[in-house]
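Below, each chain spelled out in residue letters.
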Amino acid sequence: MRPYDIELLDSLPFPPSKYEERQGRLHLMVQEDQVRPLLSFLIKKEDGELSNLYHLPSGNCIMALVVVPRRGVIVIEGALEGTTYPSLTIELPSAHWYEREMMEMSGIVPLDHPNMRPLHLHDWPKNEHPLSPSFPSDREVPLVGGTYHYRKVEGEGIMEVPVGPVHAGVIEPGHFRFSTAGEPIINLEVRLGFVHRGVEKSMEGCPLPRALRLTERISGDNGVAHSMAFCQAVEMGTDVPERAKMLRCIYSEMERIYNHLGDIGGMATDVAFAVPAAAAATLRERMLRLNHDLTGHRLLWGTMVPGGVAKDIDAERSDHLQNALVDLGLSFDPIEDTLFNSPSFLDRVETTGTLSLSQAKDLRATGPVARASGWDRDARRDFPYAAYARMGFQVQVQREGDVLSRLRVKIGEMRESMSIVKQCLDLMQDGELRVEVPVPDGMGVGLVESPRGELVHCVHFENGKMIRYKVRDPSFCNWPTMEKAVLGNIVPDFPLINKSYNLSYAGNDL
Amino acid sequence: MALIDVIITLTEVLFLLALSPLLSGIIRKIKAWIQCRKGPGILQPYRDIWKLLHKGTVMSKEASWLFLLIPYICLGAMLCLAVMMPVFYTGSSNGIGDMVAAIYMLAIFRFMMVLGGLEGGSSFGGMGSSREMMISAIVEPTLLLSIFSVAAISGTTDLSDISRYFASSGASVLSPSLFLAAAAIFISLMAENSRVPFDNPATHLELTMVHEGMLLEYSGRELALMETASYMRLTIFMVILSNIFFPWGIAMDLEAGALVIAIVAIVLKLLLISVAVAVTESLMAKLRLFRLPNLLTISFTLSLLAVMSYYIL
Amino acid sequence: MFDIIERRLRGKGVVTEPLNVLQGMGHAKAPMASKKCDLCGLCVPACPTSAIITDGDWQVDAGRCLWCGDCQSACPKDAISFSRDCPAVTDRSALVLKRNSPATGRPLLNEEMRKVLGSSLSIREVDAGSCNGCEVEVNNLSNPFYDLDRFGIKIVASPRHADMLLVTGPVTRNMEGALMKTYLAAAEPKLVVALGTCAISGCPFGGSYAAGSGVSDVLPITLFIPGCPPSPWSVILALLEALGRQ
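Residue numbers (the numbering used here), protein chains in the order written: chain Y, 454 to 963; chain E, 44 to 356; chain Z, 128 to 373.
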């Protein structure tokens, strides 16, 4: 990771009681009441983003990870005296879900938080907190009654439409509560947590090989991104071999390609435009088969390993990959043509589900969603990892923030991904695939641009044992922004907006 | 009405009942072909219905006896409508095939289906029902007007008589108003039978559903009846288009040769319309819900023009 | 607009794979030790889900296997390979694969089920806590390559229309109630299928405070389809075999 900008330290509004540099990150140790002003400064004045926020039981502090493009990664460690601290949400809306999560999972109460409802745990007793060290991971917690209070919208002709958790299509479970006036949506509330499997708790004390397999399955379609973030976190700055860096880029771009192809086809499916949808599905299947030919797994799981990569691409396969990508580019053109020359399709996607730039920034959207709203952020360029620093690619940015913009961003990114894979294949030299990684200790961070956006894994080791593992999937940031994007749209357009976002439920719920 | 007429009419009804799942199967097959897929066999709808007839019924707690009765009324309405249609012989339904009655048979079907959607007590049924009513508010007058225009040309509202009039007058009857009305009917056919761009018969998205939304709560035998009734409705619309507007080939006398030609003619026409439906469905995306009235208004305008052009030209 | 038809007429035609090609791709291949194996036991701790036992003879529980290959790389003798045919089964214990034991038989539903559902099957997919890898593959079942529709098997929108619940995931604490409700909403005759490793045994998430250990704790299961995630062709083969159609 690129080291932080030393000037940043001088510009802080007040000096931290202690600071140090670890693996290029700037760690600021402060008191609990100093976290909010410091974060406010970094986000509002320095244009930073809150990328993670969680509680670390050992040392009883809250950890806030802030990324400031061009200046580096900053970790604020706020030491707590008890189990409360002044809430950040009032000033920084992007902290909203993190604080709710912290409250139920670790029992740390953000005072004056505007919305103290649980997030992942349903019908859960008040005094149990899964991430507190005294909670055994296999404890069976009985379901306690109690109602979850949805935001109420009242007025003449306002109807409440509950949807889910089990949906009609083949998608993951989540509950959506619409308040509608006829067809237009007045309010949407997303309630998730249905696929909460206790990943973070399972990771505690977990041996690394097993943990690697778990991370691949946090959100299956982003398995490469998650396992790479895990590897980066436990490598703690160990330099991996050149060839492994290139292969890491190739695998993550292959993952992006098949994900984006699925989303493009999915948007066509959701507006009943069956022919381009079927064509996109065909291309995606060809990519999945290509993945299988290259690595033995259709979703590319099992490619990453701490210290490098587990699967190599030999010369013959590399040719195969080159040809397949050329072929993909040629076969994709007619699909794009059909979509963008169809007035009925364009009418569906234009101005649908608009997320404004200020909303995206306030709630801290990430990935294609943020870029479609005009926010030029990409971890591959801003915090380059693997071999991305040497790759030439254009970060795809659009302005309108509607479904069409997200579609354009995804199409553009797919083409850029194809070019990155090609560059990697051209630049790749023979060499080692992996190096031994020293026994990890202290804190490690993995920061990866997954197909859905910036993905962060934070890990803490103590005496060689994993004591806290925090995953922050990009979907966790983007879900709250979707509640804003659907406002004023009509109910039958919701599935399309949802598809253009294509968020992970499993990654969010953990 | 002579006994032979009754026999012919019953044969026609059975013919439509037996053929309608096949037409849906053919439409699916053609759509699959356009998507480069193999697609299910054209007999699959029969297998689906057979299976559903052998399944049990589950009902939501909110539903009443009406919920179970509705499928029978819906299928009954379609069978009545089939009786009114001239399929191979123009004389078979003399005097009972009034077009206004036919339109209201469709209205009964729609009304009952909407009630069924509400009866299930789920929010998707309610949404489907409300959308169906929105669509039907424009489709119904369109249907009436376009059939009025052919009624005006032929001077009668009896479907068999209209059919006979057109069949006997040959090419001289082809007028702009006939084509305008036919175009309006085709748009109504797509709208009434929940095809793309109005609705998507193959959708899995509960929030976008119109017709499917109303069927979500039905299961087993009741679902089989509702599906059959929906297949029937599509076929009957095709029969209206082919035998009221372009009834060439239909038998006007009870002769074996004429009847054979009539059967071949109607099958060919139904196939042709099925292809047209499948291709139309493949060419475009579903419209935004609030854009539907625009397209429906076009079809209404077409039918209005049809009536006006008859009186002006 | 009409370029869609034009392209179709000029294009390569139907891409759907014939059934015999899918049969050629075969079932999931589970890890199996060859004769070279001397039961040294190094693969046992390497397995992230403890699926391997070397007491007496080498055996692996394909219902716990993640298909990750960690056993393969741990083996000093290179004795383990993904070679054992592992079809879907109706009996959970048949997924425990032993060395030198006969291959498990094909799954088959009872005659009444086959009679009613044999030529028309409606599937309702329920995600009860999967990582969405299985969802990716279930969605792929409808792509033009596999085209599940052609077998008269379709994925339907309502549990009321369903004959089969295809359940993925270990059944999380938060999904148990919803899964039960979906099951009760389907009409008889109906069956439940556990798709993928977590639905079969809960691995690798199972046993935590938030996730159960598979669907069989909650519902009676008729068919287990192994894989992590199961490939589309093995799902199609499993369904057709169970329906007695091949």
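A hint or two may mislead.
[Claimed, not checked] Computed Cβ-Cβ distance ranges for the label pairs, DEER-style: (1) Z:SER228 to E:LEU112: 51 to 61 Å; (2) E:THR323 to Y:VAL848: 54 to 64 Å; (3) E:MET351 to Y:ASP829: 56 to 66 Å; (4) Z:ASN227 to Y:SER587: 41 to 51 Å; (5) Z:ARG226 to E:THR323: 37 to 47 Å; (6) Z:GLY140 to Y:GLY845: 31 to 41 Å; (7) E:THR323 to Y:LEU799: 38 to 48 Å.
If you're looking for bench data, these hints aren't it; they were derived computationally from the structure. No residue lacks a Cβ here, since even glycine has one placed at the ideal position from N, Cα and C.
Is the gap between the beta carbons of SER228 of chain Z and LEU112 of chain E within 51 to 61 Å? Because 57 Å falls inside the window, the suggested range holds.
Quick one: are THR323 of chain E and VAL848 of chain Y within 54 to 64 Å, going by C-beta? violated, 40 Å
Distance restraint hint 38 to 48 Å, applied to the beta-carbon atoms of THR323 of chain E and LEU799 of chain Y: Because 19 Å falls outside the window, the suggested range is violated.
ARG226 of chain Z paired with THR323 of chain E, Cβ distance criterion 37 to 47 Å: For ARG226 of chain Z and THR323 of chain E the Cβ distance comes to about 59 Å; the hint is violated.
Does the Cβ-Cβ separation between GLY140 of chain Z and GLY845 of chain Y fall within 31 to 41 Å? Taking Cβ atoms as reference, GLY140 of chain Z and GLY845 of chain Y lie about 39 Å apart, which means the hint holds.
Does the hinted range 41 to 51 Å hold for ASN227 of chain Z and SER587 of chain Y at CB? holds, 48 Å
Looking only at beta-carbon atoms, does the pair MET351 of chain E, ASP829 of chain Y fall within the given range of 56 to 66 Å? With Cβ atoms ~57 Å apart, the hint holds.
The structure does not agree with the numbered hints 2, 5 and 7 stated previously, though it agrees with the rest.
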